[in-house]
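Given only the sequences and the hints, what does the whole structure look like? Please build it.
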Amino acid sequence: MNEKRKPNMSPVKVTMPEQPADIRRSNFGEVALGYTAEMAMEEATRCLQCKHQPCVQGCPVNVRIPEFIAKVAEGDFLEAYRILSSTNSLPAVCGRVCPQEKQCEERCVRGIKHESVGIGRIERFVADWYLENAKDELVPPPCNNRKVAIVGSGPAGLTCAGDLAKLGYDVTVFEAFHVAGGVLMYGIPEFRLPKTLVQSEIKLLSKLGVKIKCDMVIGRVFSLDELMEEEGFDAIFIGSGAGLPSFMNIKGENLNQVYSANEFLTRVNLMQAWRWPEAATPISIGKCVAVIGGGNVAMDAARSAQRLGADKVYIIYRRSEEELPARLEEVEHAKEEGIIFKLLSNPVEVLGNDEGWVTGIRCIAMELGEPDASGRRRPVAIPGSEFDIELDTVIVAIGQSPNPLLRDTTPDLKCHSWGGIVVDEETLATSKEGVWAGGDAVTGAATVILAMGAGKQAAASIDEYIKAKYEET
Amino acid sequence: MNRIVSREVLNSETVMLDIEAPAIARKALPGQFIIFRVDELGERIPLTVAGTDTEKGTVRIIFQMVGKSTMQLGRKQVGETIASFVGPLGRPSELDHLAGKNVAVIGGGLGTAIAYPQATYLHKIGAHVDFIAGFRTKDLIILEDEMRAVSDNLYVATDDGSNGKKGFVTDVLKELIDAGKHYDLVIAIGPLVMMRAVANLTKPYNIDTLVSMNTIMVDGTGMCGCCRLTVGGEIKFSCVDGPDFDAHQVDFDEAIRRSKAYLKQEAYDREREKEKEESHRCRLTGEVRHE
Chain A
-12 MNEKRKPNMS PVKVTMPEQP ADIRRSNFGE VALGYTAEMA MEEATRCLQC
38 KHQPCVQGCP VNVRIPEFIA KVAEGDFLEA YRILSSTNSL PAVCGRVCPQ
88 EKQCEERCVR GIKHESVGIG RIERFVADWY LENAKDELVP PPCNNRKVAI
138 VGSGPAGLTC AGDLAKLGYD VTVFEAFHVA GGVLMYGIPE FRLPKTLVQS
188 EIKLLSKLGV KIKCDMVIGR VFSLDELMEE EGFDAIFIGS GAGLPSFMNI
238 KGENLNQVYS ANEFLTRVNL MQAWRWPEAA TPISIGKCVA VIGGGNVAMD
288 AARSAQRLGA DKVYIIYRRS EEELPARLEE VEHAKEEGII FKLLSNPVEV
338 LGNDEGWVTG IRCIAMELGE PDASGRRRPV AIPGSEFDIE LDTVIVAIGQ
388 SPNPLLRDTT PDLKCHSWGG IVVDEETLAT SKEGVWAGGD AVTGAATVIL
438 AMGAGKQAAA SIDEYIKAKY EET
Chain B
101 MNRIVSREVL NSETVMLDIE APAIARKALP GQFIIFRVDE LGERIPLTVA
151 GTDTEKGTVR IIFQMVGKST MQLGRKQVGE TIASFVGPLG RPSELDHLAG
201 KNVAVIGGGL GTAIAYPQAT YLHKIGAHVD FIAGFRTKDL IILEDEMRAV
251 SDNLYVATDD GSNGKKGFVT DVLKELIDAG KHYDLVIAIG PLVMMRAVAN
301 LTKPYNIDTL VSMNTIMVDG TGMCGCCRLT VGGEIKFSCV DGPDFDAHQV
351 DFDEAIRRSK AYLKQEAYDR EREKEKEESH RCRLTGEVRH E
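Going down the list, the sequences are from chains A and B.
Residues in the first sequence are numbered consecutively from -12, following the numbering used here.
Residues in the second sequence are numbered consecutively from 101, following the numbering used here.
Any given hint might turn out to be false.
Simulated restraints, written as ranges between beta carbons of each label pair [stated by the list, open to error]: (1) A:349 - B:194: 50 to 58 Å; (2) A:234 - B:293: 20 to 28 Å; (3) B:351 - A:265: 34 to 42 Å; (4) B:363 - A:322: 31 to 39 Å; (5) A:265 - B:385: 41 to 49 Å; (6) B:349 - A:431: 27 to 35 Å; (7) B:351 - A:322: 33 to 41 Å; (8) A:132 - B:385: 30 to 38 Å; (9) B:363 - A:234: 19 to 27 Å; (10) B:181 - A:349: 43 to 51 Å; (11) B:375 - A:20: 36 to 44 Å; (12) A:234 - B:181: 32 to 40 Å; (13) B:101 - A:296: 28 to 36 Å.
No wet-lab data here; the hints were simulated from the structure.
Ideal Cβ placement from N, Cα and C applies to all residues, glycine included.
Encoded structure:
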């Protein structure tokens, strides 16, 4: 580490180059274009190299942030990548989709008076640099012949797989879809997270020896017991995600052209419906689209609809702008792209014609009352304030609960009444011997990085369990 | 990638394939379905499992070549592969309590292929099975010998009377009920309008009736909600809550409207696919050669 280097005291981050809003709103290309080497090195010099490393505490996978940033400042990007990837199996993903402003960057000392160091932006640069420039140097560590099955290839599963592979385990990831990546492939749109990049990071895991089996619905084709008793797996990690979409339970919700955000995004991202008819899966959105909800998924759906050619795209949210759960950056991007925010509005009925197609939505205006259990002011309907918006398509993005398939087919897997798998908070062990779980399947819909943190935590527990098991015998 | 092990053309619009999928063959039960994808840009299409051979490790599917994907699948020859074959999905039909009971199994058109495994299972566990199969016309009748082998009585009706017995499956069922036949359960599988007609017929007689809802799907694992339908006033997902449902609780009118969600795109795709087929048709034999 270069102890003598004087920090760059610029109060603001090096600006991230972006596609202009009026151009990007009609293409699926990435919005943020990434730092050049010079930009990354300049931003890296803003890091104070604090001894107490508050940023690391803010990272769910404990990336050695000051260490890798120091290497970037020196221009040693390969070493920076080695440090970064020693605790994070998906850095190119995290550099793009982590809510850094609530994690590492929130704790950055530079952020007390001015803007924090752009940790996410530097991370992204290092990961992209490696994918573009690194020669094939990954060799799987010696295999210890202990088999671990991972159910689901989203961020939790891939992280768990990567950590266990690095420890020498024989890891197989089972994915229900035809490509690996989970929400990184079906959920997050191309313009925020390019799919080729997700596949590149997964390929690096394969080079570490991780086997990926797609088109395998665990619970159906193999039960958890069969995986352990017949297929010879010593342990299982469940990272099956929050795959069951919630609906509003209002009239008209089953009309044609009412989509769950999951369905809409899966059609567009995974099935590439925007390329129909070349890609066989169709989608039609018409001219006016409303997305119900205020989270990141709602922003993703609205901005995707815009890019598919809608004239008007609304976000309908029952609280005010302050309570929007989406990342600030996503809200800003959406606004720049022309998404219309109908705040303090709550849908009461989806309107349709006799043939069963959407024609609009009826909302009621809301005002904020007393704080509720979540600490946010509760939205209260204003009597008589109903209004209609003409629409062709409604996308419901009000959340999802854990996928029911495994709990339905595994009677001895203890679950909460709302569907989440019950785990020990310390170890992430489930009620079933040899089975761990983490990510949205346990917590309900949360973030990529929290799922990755859980995958990491479970990998450590599994390692401990298997070691103990074989030492005993 | 899954290989096609055998292929048989059942009639002008229906093809039967055995697909290599040993893990699925081992687990699939009557009522469950698979999802296939022909190629890398293919759609995910659900098809009910028509049978399995655990020794050969194959799963049988029978389908009508009515859309782009099924037309492409229907042209695939023995030895060729398809990109995805996922399953078994959905809850298996609950049939074990029907040993010794009277069951009417009704199949409409292609639905007979899907009803056939249920009839087979029921026959095996000792239920009394009346199999009622309906087709538009004589030339489209499929699996007649197979159905006869797994039923106590087989009734085949055609809409145009070309096989001698004119009428719909509901006409046959009504005649049997009115003649005093008692049924503990009616299972109806076929086009939505047929299943609705059966449900409307059995309701006043208070006969428990089960239908298999083959809705539009994407993932088939509960993730997207595309396959949702209203059953007893509640939203249900056909892929994880079904595909079997109590016929008297299903909102068929809504299901029929939802089945038309992509009619325009389907028609466009079908025309393009037909044009493509024509360009591959041999002028000597009239056969469509695979590209």
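Going down the list of hints, with the structure as the test:
no., hint, result
1, A:349 - B:194: 50 to 58 Å, "violated (40 Å)"
2, A:234 - B:293: 20 to 28 Å, "holds (26 Å)"
3, B:351 - A:265: 34 to 42 Å, "holds (35 Å)"
4, B:363 - A:322: 31 to 39 Å, "holds (36 Å)"
5, A:265 - B:385: 41 to 49 Å, "violated (31 Å)"
6, B:349 - A:431: 27 to 35 Å, "holds (29 Å)"
7, B:351 - A:322: 33 to 41 Å, "holds (40 Å)"
8, A:132 - B:385: 30 to 38 Å, "violated (56 Å)"
9, B:363 - A:234: 19 to 27 Å, "holds (24 Å)"
10, B:181 - A:349: 43 to 51 Å, "holds (50 Å)"
11, B:375 - A:20: 36 to 44 Å, "holds (42 Å)"
12, A:234 - B:181: 32 to 40 Å, "holds (38 Å)"
13, B:101 - A:296: 28 to 36 Å, "holds (35 Å)"
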